[in-house]
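**Q** Take a look at the letters that make up each chain.
There are 4 protein chains.
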Amino acid sequence: MIINLENSEIKVLDKGFVRLVDCMPRLIPSGSEKLRCDYAIAEAARVSYGGETKSEQENIRLVRYLLKNKHTSPFEMVKFKFHLKLPIFVQRQLIRHRTANVNEISGRYTQLNDEFYEPAVLRAQSKSNKQGSSSEPIEMTDELIEYYDKYMKTNDEIYKLYNTLVENGVAKELARICLPQNIYTELYWCMDLHNLLHFLDLRKSPHAQYEIREYANALETLIGDVCPITVAAYREYFVDSVTFSKKELKLVKSYMNNTESHIGMFPTKREENEFIEKMKLL
Amino acid sequence: MIINLENSEIKVLDKGFVRLVDCMPRLIPSGSEKLRCDYAIAEAARVSYGGETKSEQENIRLVRYLLKNKHTSPFEMVKFKFHLKLPIFVQRQLIRHRTANVNEISGRYTQLNDEFYEPAVLRAQSKSNKQGSSSEPIEMTDELIEYYDKYMKTNDEIYKLYNTLVENGVAKELARICLPQNIYTELYWCMDLHNLLHFLDLRKSPHAQYEIREYANALETLIGDVCPITVAAYREYFVDSVTFSKKELKLVKSYMNNTESHIGMFPTKREENEFIEKMKLL
Amino acid sequence: MIINLENSEIKVLDKGFVRLVDCMPRLIPSGSEKLRCDYAIAEAARVSYGGETKSEQENIRLVRYLLKNKHTSPFEMVKFKFHLKLPIFVQRQLIRHRTANVNEISGRYTQLNDEFYEPAVLRAQSKSNKQGSSSEPIEMTDELIEYYDKYMKTNDEIYKLYNTLVENGVAKELARICLPQNIYTELYWCMDLHNLLHFLDLRKSPHAQYEIREYANALETLIGDVCPITVAAYREYFVDSVTFSKKELKLVKSYMNNTESHIGMFPTKREENEFIEKMKLL
Amino acid sequence: MIINLENSEIKVLDKGFVRLVDCMPRLIPSGSEKLRCDYAIAEAARVSYGGETKSEQENIRLVRYLLKNKHTSPFEMVKFKFHLKLPIFVQRQLIRHRTANVNEISGRYTQLNDEFYEPAVLRAQSKSNKQGSSSEPIEMTDELIEYYDKYMKTNDEIYKLYNTLVENGVAKELARICLPQNIYTELYWCMDLHNLLHFLDLRKSPHAQYEIREYANALETLIGDVCPITVAAYREYFVDSVTFSKKELKLVKSYMNNTESHIGMFPTKREENEFIEKMKLL
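Protein chains in written order, with the working numbering: chain A, 39 to 320; chain B, 39 to 320; chain C, 39 to 320; chain D, 39 to 320.
Read the hints as simulated data drawn from the structure, not as lab findings. Since we're looking at a predicted model, the values are computed, not measured. Don't take each hint at face value.
As the list claims (entries may be wrong) - The following label-pair restraints were derived from C-beta to C-beta distances:
(1) B/N295 to D/N42: 48 to 54 Å
(2) D/R134 to C/N151: 17 to 23 Å
(3) B/H245 to D/R134: 26 to 32 Å
Even for Gly, the Cβ is constructed at its ideal location relative to N, Cα and C.
One chain only, chain A, in its complex shape (with noise of 0.2 Å):
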């Protein structure tokens, strides 16, 4: 079976995308068709096993096994290449990523194309700590209304300056350098399923900013597609699993008979907040 990736791209945002281009591996031997890429993840592991080929369940069995206790190497072994089309402010957070293999199109040899991100909601800042992450759609008032068109319209301006420069001879390399951070670009991008689940971790995390939790989500649907038994068992054991300290711990049982018991015993309030949250979950 070959993977037929001819309708794996994804929209993000007002004008960008995800787009699987290809994998590792491409072709699955028949018998596998529920594993697909996962496929690749049970061979690998059993050259480590020393084992045979086995059934299709038991491949299955063995890929959930792997992935629940952290056998992280026969994951790398799985390869995705991606094209991305995103503003540079979230190239700039994906580009944090060490493990991928990156080509991204060059402001040096190329003239950008005039196109924007412009947010369809504003969000306000985050009052419950400093740390910047949005919350709320801010009120939209007719002050901010204009202050928001009047920064977008500065996109365009800039644009055609640029736009200007280049005719006039200027190196394409310095005459960008004023255009704006949600201009998009577009990039290859080639990662490795182990170091993908890793991403996924970080930046589909409510603490990392909208922007790049919208390409996190859709690159976990297109992997989800060729991976279907990492994916559903990555979500089952860890993105809703909870962890908790040994300090934690010893206070669950008491904290299910007193909902006061826990007070005064966390060195701060952040935390004894984390605690309560954690235990509403039980």
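Fit chains B, C and D to the known structure of chain A by using the hints.
**A** Okay, now just chains B, C and D, sitting in the frame of chain A:
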């Protein structure tokens, strides 16, 4: 001896800098004053050879031998931590080097300062190739001066709007998205000596953009002070070296007798020109 | 304050050791005596926050916060260089951690010493799983004692033959190929704090082989001395923490009321047992 | 076109092999039959140039240009997964290349097979340098033949004892520790094209040990089949190229007139000899 880093700051571009914050080793045993941090290279290499501590002169010879013969692993044992202030479009090139450890100022947490890189001269687009690399300063017609001034003024306008949005409660992570790529950012950047030399290879090249070359030059100066033997050997054996391909090698002798002997021997005009440039160095 | 590393050597197994040769930072500013190398973590993180230098107490809180919330990049700014003496079969596990820089004694250049690891007790193959991990010491029958003695004596026979081959002019790189994997080797091993904590996660695990666990313990002791805040927080938040999957979370409450309520809820007996083990910790 | 890998196995040494299990891309669009996997390099590079799909001939020229000019990132987009069977002392050299993903047979889980590498000829220790690299076969005196036979026979003795210990219930992870380093192991090894070429640089070098050179040769043959343009360009521009340092460059012309003109110009005899060797190639 303690490596003194008090005056290890070099100004770069109009408002940037590179500062060597720390290095490993920081304490140098007496008798290795000429080696300084290069001492750690010889020390690590002696493990491979199962060898004893040697005289300073022998260690210098060893470091030079290791560098010339591309025994790279001992050079990974020397670490540098830099503090850089640089425009975002330069940071975007710097960050492509994945062996560094990075902590950058976060526009999600912190309101960015209104400092923008303003080039002293405008470089023209190169005509010899499409590669965008620049060459000579462009002739500044009145028209071009006007456009350029306007372009630079947009920095201030945009910054004011950014500031207003933040004051009106818009999340900083969102307010910042239109800030131009010539705004200055700051980061801590940790790199080992081997990978830093590779960085210099690529970023001191005449094909690299002028602005990152300035940072590469500053970095080379700073490490030249703490790793004098390595950096001198690197300049001698690599920076000004020339590599001849098999085909070129065969043509050297005949070219010396007849400077037209190479005509038609290369698949492209570009390769032919590269050969002629190399022959001028003989 | 200069970090003193004079007595930073710990004996491991019968003939091995771990020694902390150097670290970055090595000089600690006054007022950060409690933080020691942890100081560099707070310093790097303050770049991200655009923040000022703070009190020692605030820096300690910051380091703990960063660790708990997996803000890992500042922990990459602390570097360690170790000297290890270890058997080759342990080195083969150590070297799998690819973020380290390594210089190892070379059997091509140097004649190896006749030092072999001889386990004090023989561990039995685990019966609960096929995974080879050991458990209790095996009962030493006379027969087994005899086999074991013979096995250990082969080390000396082989070493003598190796020595003879080298003396007769055989290339060292070839003469060494029959040397057993319990022969001791030495290496310099450079690692950052973040990746070292990840190494400890994997190699202090009860699933790791006893011999590498001994090296992991020694490494943890050594960095605990120079990074006291990080290592204490790491123990508190991670080493003794427990993670519940989504399914497990749902079962915690019912299990407390009825310890048979989970039966049939897990796809494998292994997962069921893991759940019960976690519940015992509450 | 699907890349056919059915006969992609090459025997290496007496009992080893290298097999190309999979690669990315595996499906090649029609019109790129000459490029095969090299197609993906051109495709990724066109993102940087913002360019359109071009003719096969233009893509071939692009790949050659990229390789010659060390634009390495598009070459990271091609991935290979190999299955290797190799002695442990070769694996120990292979594993030093940290950009690979690896799954190796585990002696903790699996009883290892009694297959040992037995060199067909014994190489002598090199006399020209202490570096252990070999040269000519050694003269096999009766004495040496006897020692060598004894040495090889120890493999079987040790294996029997290993087997007995395992049969008597000793943990496999412990029983294996005296197994010699010429025992064969197997692994899956995933590498990208750029890093594989770098691997070949180092491991096809005459300074590398004969046994790993044999594996490097097999790897080169296998990728030469699926990446014909890249491997041909790599051979042309790099394998047989020669680099002259600044000092050497200055001496080329005078040496051609007078082969004694270089005497006393180099700091060591070794460097002088290296220069003379290079001049012979002209």
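**Q** Against the structure shown, which of the earlier numbered hints fail to hold, in ascending order?
**A** Hint check: nothing fails, all pass.
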